[in-house]
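Chemist: When you get a sec, could you build the whole thing from the sequences and use the hints?
Listed below, chain by chain, are the residues.
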Amino acid sequence: MKNKHIVSVFDSEENLVNAIKAVKENQINIEEIYTPYPVHEAIHGVGKKSRFTWVAFFFGLIGAIVVLAFLYYTSVIDWPLNFGGKPSSAFPSFIIITIVTTILIITLGSLFTFSVRAKIYPGKEAVMPDERATDDKFVMMFHYEDDSEQLRNLLHENGAEEINEKEL
Amino acid sequence: MKLLMKILSNARYSNSELSAALQKTAAEKPTVGIELVLYEKVGIGNGKHANNPWLQELPDPVTKATWDNYLCVPPAYAKQEGIENEDVVEIEGVKIPVLVQPGMADEVMAMAVGYGKKDSGKAAKDVGINAFPFIGYSNGYKNYHRDNISINKTSKKHTLALTQSHHRMEGREIVRETNLETFVNDPKSIKQKKHDTTLYKEREFEGHHWALVVDLNACTGCGACAVACQAENNVPVVGKEEVVKKRIMHWIRIDRYYKEDEANPSTVHQPIMCQHCDNAPCENVCPVAATTHSNEGLNQMSYNRCIGTKYCINNCPYKVRRFNWYKYAGDDKYGFNSAYEDGNMVLNPDVTVRSRGVVEKCSFCVQRIQEKKEQAKLENRQLEDGEVTPACAQACPANALIFGDLNDPNSRVSQLVNSNRNYHLLEELHTKPTVSYMTKVRNMGAKIEA
Amino acid sequence: MYKEAIRGPLILGNKSFRQISADIIAPIDKRPPLWWKAAFGLSLLMLAYGAWAIYRTIFLGIGTWGVNNTVGWGWAIINFVWWIGIGHAGTAFSIFLLVLRQKWRTSINRAAEAMTVFAVMAAALFPALHMGRIWNFFFIFPYPNTRGPLWVNFNSPLFWDFVAITAYLLISASFWYYGMVPDFATIRDRAKNKIKKAVYGVLAFGWTGSTREWLRYENLSYVLGGIAAVLVVSVHSIVATDFAVSVIPGWHTTIFPPYFVVGAIFSGFAMVMTLMVIIRKIYKFQDYVTDKHLDAIARILIFISLIMGTSYATEVFVAWYSNNEYEIFTFFHNRITGEYKFMFWAMIVCNALIPQLFWSKKIRRNLWAMFTISVIINIGMWYERFNIVVTSLANDYLPSSWTNYAPTVEEIGVFVGTIGLFIAGILLFFKYIPMMAISELKSVRDAGSKFKKRIEEMKIKSEDEL
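One line per chain: the protein sequences are S, E and P, in this order. Numbering-wise, my numbering puts 148 at position 148 of the first sequence, and it's gapless, one number per residue. Numbering-wise, my numbering puts 178 at position 178 of the second sequence, and it's gapless, one number per residue. Numbering-wise, my numbering puts 287 at position 287 of the third sequence, and it's gapless, one number per residue.
Hints are computed from structural coordinates only; laboratory data are not their basis. There may be inaccurate statements among the hints.
[Claimed, not checked] The calculated label-pair distances, taken between Cβ atoms and stated as ranges, are:
id, chain 1, residue 1, chain 2, residue 2, range
1, P, A406, E, L347, 33 to 39 Å
2, E, D106, P, F59, 51 to 57 Å
3, P, I255, E, E35, 54 to 60 Å
4, S, E41, P, V230, 30 to 36 Å
5, P, G41, S, D146, 55 to 61 Å
[Claimed, not checked] List of simulated lysine-lysine pairs, DSSO-like, C-alpha gap at most 27 Å:
id, chain 1, residue 1, chain 2, residue 2
6, P, K461, S, K21
7, E, K440, E, K188
8, P, K196, S, K119
9, P, K461, S, K24
10, S, K86, E, K201
11, S, K124, P, K196
12, S, K166, P, K192
13, P, K284, S, K2
14, P, K292, P, K197
15, E, K240, E, K327
[To be verified] Computed footprint of chain P on chain E, listed as stretches where at least three residues anywhere in the stretch have a Cβ under 8 Å from a Cβ of chain P:
id, segment
16, 42-56
17, 311-321
18, 348-357
All C-beta atoms, glycine included, are put in the ideal place defined by N, C-alpha and C.
Modeler: Next up, the structure:
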């Protein structure tokens, strides 16, 4: 199902940032912004937030508990063996393994979460409003419904090179 | 029978005939120049069993050489002539490698008989030089020595397979020795100081706690224990090339150290096998749990679990672990048993034959321990002291190896362990070995009353 | 916060974003040059030698190597530690410098991370190969089984190694790959060739550069950066415990975990310098890998070289101070003097002395000098691992076991094979993957001028207020 969008193209970060400020001041809704590198004003402008760091933390916490429990179970409860006279509940050894395995779990978990939330995964086809957004242009996209004379003026004032209509 | 009776009836002591015989032998002139002595090695003897690979691989008690004979040369002579170990020299047309032997008398050289066989079999073939042609005859007697020997240097070298290449203790307390006087007058002073602090709670051994004591006073270094162990535990023979690479498989080895002056050293022998440490450094580092500690004090080795990382070999401070570098068992190149038609009959069916890539070591003959335990259980009785004997202890002609249960206060081992002479090798590492040694007591310089 | 104005612009030549993309993607668009083909051919030869050596090792046995019952580990473990050390550069560059917000990392981190991935692949080969029964390698996984279930020995540093190296390989590879996704998108969108567009399209995972993606991308980078920083320190500390938990004199020392980590960063940065000199000279990337970049790496190398020198001195001092006869023998009679003194002094000269030449600005500006010194540093680090592994094992507690060690053609072959693997990997990286982080470079192009502008704005504001 294809929708229509208003696509404006800027050629510098400065212009884009000014345009975002102007658009926000006029309470116009920005649908999405495409940039060749992350621009913080853009991310704030579109209003995106992420609880990513919390997710990572929880992966870590649960991962650490699971790993420690596994180590304790196998070494102390299931089959305790005598290795060099050391006690079976070898906390120094357990903590080393826990640290590294937790890091691995956090990483794999974060990558998975990233793929899901950012919708970036093998086999995904890119839906690009303007292909130059990965090269040297900064692209701001609006819903078709938000189109207006005022919007187009604001964009032109702040340095928009082009304003197109696109169906995606 | 009749002839024998006739000889015996004519046998009569005759002083004159004795004097005549003595005069014949006394007619030998005193030795001139360097004397070559022919001797029989402990393992090979006169060569009758040269084709026995166990005996070929048995390190000579003094030189620690295997798979070869050589010309033993005194150190002063070697220095004077500029000859080193493994230099090939020519002696009356025969080429033979040299081994510099500390403690040899200045004007003597020695060569072992029993080598140089061509047709005795795979193990003996082309090993060493035949020394029998050097036997002299005089006045109807065979002389196992020759005098006025001269040797010529050649530019060749011949690698000798020695199992030990360093012969000094470097000031380390490895073989403890003491004077008879001290031992008699102040025995407590020779007791080893123990360092016994630990962070961890010590493990208890209920039931048996097997231990071995080695009496250094009794050990002569003969090597019977090494061969017995090889026979009992299917320890492979690896051949000369591998011994040169320091890969001999003997689970028990006898270290020989020289002390004091090279021209006249005193020699000590120390049998070393797996010390079955209660705080074993090897057990800690095996990633796959192939080596663990039993609840009877044995350091166990699970061959089928071992993946061959060799960390345990590195971490053992006593270096008693052995690795199967190639397929030693059942292989054409290394399998000496396969040289004989029924060669595999020499294997002990109670013990696994190890595969390539696996670590092995002394197991205190665990198969014998288990056998006796089962027997005692069937007979509904306790094991008695001395009932369980590992192969090395069984074979030792001097009773230098004593095996028993530390948890039995009446066992010989328990009493020896409490003696002042008892000490642990590398005690300060806190490996807590169950093998202990008895300080060698030598009668050094005490006056003998006439 | 980062005073860019002092250091100068990070990218020279006043490049537009389009120019930056074009410059970095150029090697991917062009046919491989002659030197590339020759080097690749050489690396294939080395791989062939390695393959033969590996075949002999696995099918005949570890007996084909020079190790024995006293020196159980030789070249295989030396090389394992050496490669892992080199591999730490990528992680240090991307991650430490990311966390410390050092923008000058942007032209170097991609190549450094690539280097990490190939170095860790090379390293991982050795623990596998040195096993006597490699076909039973899976015994090291603690998986439920019908043998008890028999678990593994969690106290063993070799198990910790297994977990750490696996984690490190997976994490470096994914951090490297996810960093490249925006750049693959750039190539995809610029590509005229249909096949290229399709291939890079698949590799780009559908990246569009939207804020939805960038927001989580940045979060991912900082999360991965933060925890992988812990990984850099812990992985090599774990490799160090391979030796530190042992009882052997020369191994049994608590200095090893920090000493190894610092040494790893040392050899890694040296290898990065080697690669960057090559990239700058051969691919003519002087505008991106500026004099200032190489200068910064050289300064770090001096600092770390001083730390290494201090570590060596500490080891020797503590051996003397302990009055332990085995420690004193190991350091004074078996390293400083004795049959291994060449290896010891080579290590001291190459690691602690020669890098001090970087104090001279002239040398920090001379490409040949930097290339040579960085290679010498890695040779010195190889000798350091030789010192640690072989000299301690060869002459340990009981003199009756003292013996020598020398590598065989098979052992050398495996090492040469891994060098071939590394070179082949790096060459393929140069040809098919953008060797610098295009999107990151674009973001720092104006970093200096942005800061300058802000200072000026602040000045104007304060003047107005006055």
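Chemist: Within 51 to 57 Å: is that where the Cβ-Cβ distance between D106/E and F59/P falls?
Modeler: Holds: the Cβ-Cβ distance is about 53 Å, inside 51 to 57 Å.
Chemist: For K240/E and K327/E, compute the direct alpha-carbon distance and say whether it is at most 27 Å.
Modeler: holds, 15 Å
Chemist: Count the residues of the segment 42-56 of chain E whose CB lies closer than 8 Å to any CB of chain P, then report whether that count reaches three.
Modeler: violated (count 0)
Chemist: Holds or violated: K86/S with K201/E, Cα cutoff 27 Å?
Modeler: holds, 8 Å
Chemist: Next pair to validate is K284/P with K2/S; report whether the Cα-Cα distance is within 27 Å.
Modeler: Outside the cut-off at roughly 46 Å; violated.
Chemist: Confirm or reject the claim that E41/S and V230/P have a C-beta distance inside 30 to 36 Å.
Modeler: holds, 32 Å
Chemist: Measuring from beta carbon to beta carbon, are A406/P and L347/E in 33 to 39 Å?
Modeler: holds, 34 Å
Chemist: K292/P and K197/P: Cα distance at most 27 Å?
Modeler: violated, 36 Å
Chemist: Holds or violated: K124/S with K196/P, Cα cutoff 27 Å?
Modeler: holds, 16 Å
Chemist: Hint says 54 to 60 Å; check whether the CB-CB distance for I255/P and E35/E agrees.
Modeler: Holds, at about 58 Å.
Chemist: Are three or more residues of the segment 311-321 of chain E within 8 Å, CB to CB, of chain P?
Modeler: holds (count 8)
Chemist: K166/S and K192/P: Cα distance at most 27 Å?
Modeler: holds, 22 Å
In the structure shown, a violation is registered for the earlier hints numbered 13, 14, 16, in ascending order.
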